[in-house]
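Novice: Keeping their order, the protein sequence lines are chains A and B. Per our numbering, the very first residue in the first sequence carries number 510; after that it's consecutive. Per our numbering, the very first residue in the second sequence carries number 26; after that it's consecutive.
Check the hints yourself; a few may be wrong.
A partial selection of chain A residues facing chain B, derived with a Cβ cut-off under 8 Å [said to hold, decoys possible]:
no.: 1; residue: Pro517
no.: 2; residue: Ser518
no.: 3; residue: Tyr596
no.: 4; residue: Asn608
Taking CB as the label site, the calculated pair distances span [to be verified]:
no.: 5; chain 1: A; residue 1: Thr565; chain 2: B; residue 2: Gly78; range: 33 to 39 Å
no.: 6; chain 1: A; residue 1: Asn532; chain 2: B; residue 2: Phe91; range: 17 to 23 Å
no.: 7; chain 1: B; residue 1: Thr139; chain 2: A; residue 2: Asn562; range: 19 to 25 Å
no.: 8; chain 1: B; residue 1: Phe91; chain 2: A; residue 2: Ile620; range: 43 to 49 Å
no.: 9; chain 1: B; residue 1: Pro95; chain 2: A; residue 2: Ile583; range: 39 to 45 Å
no.: 10; chain 1: B; residue 1: Asn87; chain 2: A; residue 2: Ala601; range: 26 to 32 Å
no.: 11; chain 1: B; residue 1: Gly41; chain 2: A; residue 2: Asn532; range: 39 to 45 Å
no.: 12; chain 1: A; residue 1: Ile572; chain 2: B; residue 2: Thr139; range: 37 to 43 Å
no.: 13; chain 1: A; residue 1: Gly524; chain 2: B; residue 2: Arg109; range: 41 to 47 Å
no.: 14; chain 1: A; residue 1: Ala526; chain 2: B; residue 2: Arg106; range: 48 to 54 Å
no.: 15; chain 1: B; residue 1: Gly76; chain 2: A; residue 2: Arg525; range: 33 to 39 Å
no.: 16; chain 1: B; residue 1: Asp88; chain 2: A; residue 2: Pro585; range: 44 to 50 Å
no.: 17; chain 1: A; residue 1: Ile572; chain 2: B; residue 2: Thr38; range: 43 to 49 Å
Calculated directly from the structure, the hints in this document are not laboratory data. A virtual CB, placed ideally from N, CA and C, is assigned to each residue, including glycine.
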Amino acid sequence: DAKTTQPPSMDCAEGRAANLPCNHSTISGNEYVYWYRQIHSQGPQYIIHGLKNNETNEMASLIITEDRKSSTLILPHATLRDTAVYYCIVRADQTGANNLFFGTGTRLTVIP
Amino acid sequence: GAGVSQTPSNKVTEKGKYVELRCDPISGHTALYWYRQSLGQGPEFLIYFQGTGAADDSGLPNDRFFAVRPEGSVSTLKIQRTERGDSAVYLCASSLFGVAPYNEQFFGPGTRLTVL
Numbered sequence: 510d511a512k513t514t515q516p517p518s519m520d521c522a523e524g525r526a527a528n529l530p531c532n533h534s535t536i537s538g539n540e541y542v543y544w545y546r547q548i549h550s551q552g553p554q555y556i557i558h559g560l561k562n563n564e565t566n567e568m569a570s571l572i573i574t575e576d577r578k579s580s581t582l583i584l585p586h587a588t589l590r591d592t593a594v595y596y597c598i599v600r601a602d603q604t605g606a607n608n609l610f611f612g613t614g615t616r617l618t619v620i621p
Numbered sequence: 026g027a028g029v030s031q032t033p034s035n036k037v038t039e040k041g042k043y044v045e046l047r048c049d050p051i052s053g054h055t056a057l058y059w060y061r062q063s064l065g066q067g068p069e070f071l072i073y074f075q076g077t078g079a080a081d082d083s084g085l086p087n088d089r090f091f092a093v094r095p096e097g098s099v100s101t102l103k104i105q106r107t108e109r110g111d112s113a114v115y116l117c118a119s120s121l122f123g124v125a126p127y128n129e130q131f132f133g134p135g136t137r138l139t140v141l
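Can you build the whole structure from these sequences, using the hints too?
Specialist: As structure tokens, then:
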């Protein structure tokens, strides 16, 4: 699976959009971009994933660049409960490649 | 519905002892995963079960670590002759199946293991 690079930490004002970047310059054509987050003392929680088109769900939006070498997770209206470590993971969806490779992620702090 | 549960939530043991950590996946989920998370790091994959069999155990650090899932539901992670370096949070996750699009992983709260 391709390696990802994320900033170690970011701050965001409550109510504003949080934009979390991720670089994955060595991504392969069959690899998806996944985002998970981990709130303190809890297990990781799935947020969203995509291949090449932008994706949106009730939690967030995922913007993937045309060359697929980077992506941005957008939390449109950050709340204090969004304070967590956010992990960007690149993985091929195929039988046998089911484990997730987490890096150190981005620690997002939402400030009141 | 119930999520993934793990017991105990905390386990303190002495160096050299044997420990068992239990995971109850979401009912009906065929795939089960174990991860280990050290302080300040992201979770690291240990082992993946599809049904009763270990489909991928490449993340187990050495032969002191072993996991079973005899009936394809509950899983137990077993650590023999524990070492201080085994101290970490052990996370369990399950997914409906092991292949897309049904392989979204749902994580439990973890078991914090402390080896004194």
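Novice: Run through the hints listed earlier and report the numbers of any the structure violates, in increasing order.
Specialist: 1, 2, 6, 7 and 15
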